Amino acid sequence: MMPQDPDRLTVPPDGRSYSEQPRWRQDFPIEWAQDNYISRRDFTRFMVLTSLAFVVGQFVILFQNFLRRQRGEPPIQEIAGVNEIPVGGARLFHYPDEDTLRILVRLDESTFVAYEQQCTHLACPVIPQPEAGHLHCPCHEGVFDLRTGQPLAGPPRRPLARVRLERRADKIYAVGVEKALA
Amino acid sequence: MRGRSRFARKQRMTIVLGILCLVIIIVILQLWLLTASMNAYLGGDESVLIPAALASLVCLGLNAGLLWYLYGLES
Chain A
14 MMPQDPDRLT VPPDGRSYSE QPRWRQDFPI EWAQDNYISR RDFTRFMVLT
64 SLAFVVGQFV ILFQNFLRRQ RGEPPIQEIA GVNEIPVGGA RLFHYPDEDT
114 LRILVRLDES TFVAYEQQCT HLACPVIPQP EAGHLHCPCH EGVFDLRTGQ
164 PLAGPPRRPL ARVRLERRAD KIYAVGVEKA LA
Chain B
21 MRGRSRFARK QRMTIVLGIL CLVIIIVILQ LWLLTASMNA YLGGDESVLI
71 PAALASLVCL GLNAGLLWYL YGLES
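Residue numbers (the working numbering), protein chains in the order written: chain A, 14 to 195; chain B, 21 to 95.
Everything labelled a hint here was simulated from the structure, so no lab data went into it. Worth double-checking, as some hints may not be accurate.
Partner residues aside, some chain B positions facing chain A, computed with beta carbon under 10 angstroms [unchecked claim]:
| no. | residue |
| --- | --- |
| 1 | I46 |
| 2 | L53 |
| 3 | S57 |
| 4 | G63 |
| 5 | L90 |
Below, a sample of chain B positions facing chain A; criterion: calculated Cβ distance under 7 angstroms [to be verified]:
| no. | residue |
| --- | --- |
| 6 | Q31 |
| 7 | L40 |
| 8 | Y61 |
| 9 | V78 |
Quick caveat: nothing in here was measured; it's all calculated off a predicted structure. We put the CB at the ideal spot given by N, CA and C, even for glycine.
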């Protein structure tokens, strides 16, 4: 007679013999230890699949970065006439494509700045406050420096992407976008 | 009939728990890499993207190796 594999023996949760167990458990005995082992092994497999998904995500970011580099420098685009915007005034414009909203602010007679209008925290629109020298995000009280685009307060950690501007005659042109390095 | 593993079930249970802990730690590391890469990408910093992707790939290799070892225990 073959000795019984001890791994195949299962003790019911209450420790009593099988003959004392309720009928349903006698009909459907479960190897509890084996069940625990299999569930943990399958969870490990699930976590490895999650690991694979993260790697796919990393390469999607790499691919998106490659596409962004392929697009090259954005075109030169007229935004507004100098006299159309008063000191402290602002104007929204799309640059370099229709999906990206930017904001142009006139700080004084000769200084204009333009940034991406979405907060770098959760993409709420920022509102210029020229009198305070800030760009304010009302969603989570984020504050950016109006002259540099650097975050000053609140949850944002990255600066706003700045649009390079040029003044030609009496018009303001967008000529590129600076990398918003923190 | 299934062959018996060289480890008893209790030993395999300990091993699978140990491997599970390691895999979870590595996956958390990958999650951190992914969020850091996304932050760098959105901020225009391209220098970390390739190293982070390679590091994540190495982590996947480690996880796959651990899982392969786990299934090897049963044969």
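- Determine which of the earlier numbered hints do not hold for this structure and return their numbers in increasing order. Of the numbered hints, 6, 9 do not hold.
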